[in-house]
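Novice: Given next are the chains, with one letter for each unit.
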Amino acid sequence: MSNNNYKILVVEDDRSVSSMLKTMLDVSPYECISAENCCQGLMMLSSHMPDLVILDLGLPDKDGMEFIRTARRGNTAPILVLSARSTETDKVEALDLGANDYITKPFSPAELMARIRAALRAGRRNAADESALSGSFELHDLAIHYAARQVTVGGQPVHLTQTEYNILVLLAEHAGKLLTYAAMHSAIWGEADPGGIKKLQVNMANLRKKLGIRPGDNRYIVNELGVGYRMPLEEE
Amino acid sequence: MKRAQWLRDAALTLGIMLLTFALVLMMQRFFAVDRLIPMLFVLGVFLVALHTNGYVWGVAASLLGVLAVNYAFMFPYYAIDLLTPVNMTTAVVMLAVSIMTSTLTTQISIQQELKANAERERMRANLLRAISHDLRTPLTSIYGACSVLLDSADSIERSRQRELLEDMRKESDWLIRMVENLLTVTRIDEKRMLVKRTPTVLEELLDSVLVKFRKHYPGQPVQLSLPDEFVSIPMDPMLIEQVLINLLENAVIHAEGMQTLEMSVSLANGKACFCVRDDGCGIPRERLEKLFTGYLDRDQTVSDSQRKGMGIGLFVCAAIIRAHGGEITAANLPEGGAAFRFALDMEEDDEQQ
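Chains as they are written, first to last, in this note's numbering: chain A, 1 to 236; chain B, 1 to 353.
Simulated from the structure, these hints should not be mistaken for lab results.
Be careful, since some hints might not be right.
Unchecked claim - Each computed SDA-like pair below joins lysine to any residue, with the alpha-carbon atoms no more than 20 Å apart:
(1) K212(B) x L127(B)
(2) K212(B) x S108(A)
(3) K198(A) x K196(B)
(4) K62(A) x S83(A)
(5) K196(B) x D90(A)
(6) K209(A) x L139(A)
(7) K196(B) x E93(A)
(8) K209(A) x K196(B)
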């Protein structure tokens with residue numbers, strides 16, 4: 001697989017973090033371009049059309065949230081938010097504005113690279129075809145056969161309710177992207193209601209049980225406490 | 001809040017003064033002397049000043065007392081007459097005594113608050129001192145190692161260079177976890193020592209704990225037992241996650257000879273009881289008592305080799321559980337090893353959600 005032409009835009013004002021990221025990306029098969037503030041970042045986003053954006057939320061000229069809001073008016077490149085802020089409300093806000101994933105400083109290079117690969121693949125699948133529902137999805141020994149609406153674990157069929165199946169498909173469709181509780185709820189049930197998160201959590205618990213997921217041994221669905229769920233694309 | 005306080009103080013003042021009045025009336029039946037009367041009223045004023053906020057109520061009580069004495073117990077009885085010299089003198093003296101008493105008691109309660117504040121400040125200063133000390137050591141090592149590498153890399157063997165870099169990573173890792181602990185403490189509302197609770201699915205919490213724990217200690221298995229049914233507990237999930245990670249980590253670092261490490265949750269009486277236990281060497285008796293506060297009280301001259309033994313982790317655990325309205329306990333088990341326990345209310349908070 002040639003990744004040579006993947007271009008990654010890094011929007012980060014801190015010189016040492018920015019240079020560290022550039023070094024990390026240069027030894028990997030990605031091309032890295034960097035911007036120091038929000039305005040420059042937005043300009044480079046439209047002129048260079050990067051395949052992925054790594055965005056720091058605390059920028060000197062404008063808030064990083066503003067970048068996401070503006071970028072999403074026409075650009076679909078996945079945005080990976082990088083920040084020292086770690087409250088759930090920040091994460092949820094960034095994700096609901098259209099960021100794909102969130103990684104908290106400090107992070108390890110391996111962690112960052114895994115998230116980049118996941119986000120790039122998620123982005124590529126979105127762009128490739130609308131009819132992603134044809135064919136099948138596989139993750140470790142979990143498989144979803146869309147046409148037959150069938151789910152198997154290790155070749156054994158798993159019987160899911162309509163809602164559980166919809167949740168699993170939603171996660172698989174957005175594998176590599178962190179979905180907030182609210183976003184998932186409105187995707188599954190249409191609209192938001194206050195008791196909705198509980199309903200989602202109960203369904204998730206049943207789904208985990210049927211897939212044979214034990215706490216700590218969970219390879220299919222990552223829990224981001226207080227934020228949402230993410231299906232990984234590979235071992236992270 | 002303000003209004004309720006005002007009403008309470010007003011009711012208290014009136015109540016105490018009425019009681020005093022009744023008491024004086026009773027006293028007059030038993031002893032036919034007047035000496036006790038002003039004394040009893042001063043006692044009433046004293047009690048009012050002690051139990052209400054500010055000067056106002058104490059002064060009001062003194063005025064009330066003076067008028068009551070003058071009205072009921074001084075000649076002419078059952079009439080206000082402040083003009084006769086003896087009545088006027090009594091009134092002035094009594095007023096002065098009561099006002100002074102009331103301002104004095106108010107001072108006392110202000111001073112008590114100041115003392116509590118000073119204690120909090122002292123805690124904070126101790127915490128800062130302990131933390132700075134703990135940060136300095138790994139920083140020294142990191143700073144030294146990278147300076148050496150920058151200045152004289154050529155004269156250092158390749159394997160030794162690698163060692164230095166590995167030390168740097170290890171120390172940074174320690175710093176990261178230290179800072180994470182500190183960050184969690186800042187999430188606790190400082191004034192009221194409360195946390196924001198959201199319903200958290202137990203299974204998801206434990207999964208997240210184990211995933212993070214495994215990143216640092218991939219070789220250490222953790223036995224898990226939890227209820228089968230769907231359990232949702234109101235809590236600050238990030239904070240409780242930190243507590244459980246700290247407890248597991250604590251066992252790995254300190255429980256020498258540990259074979260199994262177990263994390264369990266059981267439900268009883270509307271509470272979720274968490275327990276982290278190991279079968280290691282147990283906790284030395286002299287450490288047990290100050291296990292959770294030791295971080296602050298330790299001797300300033302503590303040597304750096306003891307750094308890992310006096311980590312901030314357990315101190316943070318205790319603060320977090322206290323902010324959840326609970327208490328964390330540590331005990332040695334009769335069959336060997338140690339167990340840390342805490343319980344969380346399963347009840348939904350009315351104000352949240």
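Novice: All hints are to be evaluated individually against the structure, with a verdict given for each.
Specialist: Against the structure, the hints:
no.: 1; hint: K212(B) x L127(B); in the structure: violated, 26 Å
no.: 2; hint: K212(B) x S108(A); in the structure: holds, 13 Å
no.: 3; hint: K198(A) x K196(B); in the structure: holds, 17 Å
no.: 4; hint: K62(A) x S83(A); in the structure: holds, 15 Å
no.: 5; hint: K196(B) x D90(A); in the structure: holds, 15 Å
no.: 6; hint: K209(A) x L139(A); in the structure: holds, 17 Å
no.: 7; hint: K196(B) x E93(A); in the structure: holds, 18 Å
no.: 8; hint: K209(A) x K196(B); in the structure: violated, 29 Å
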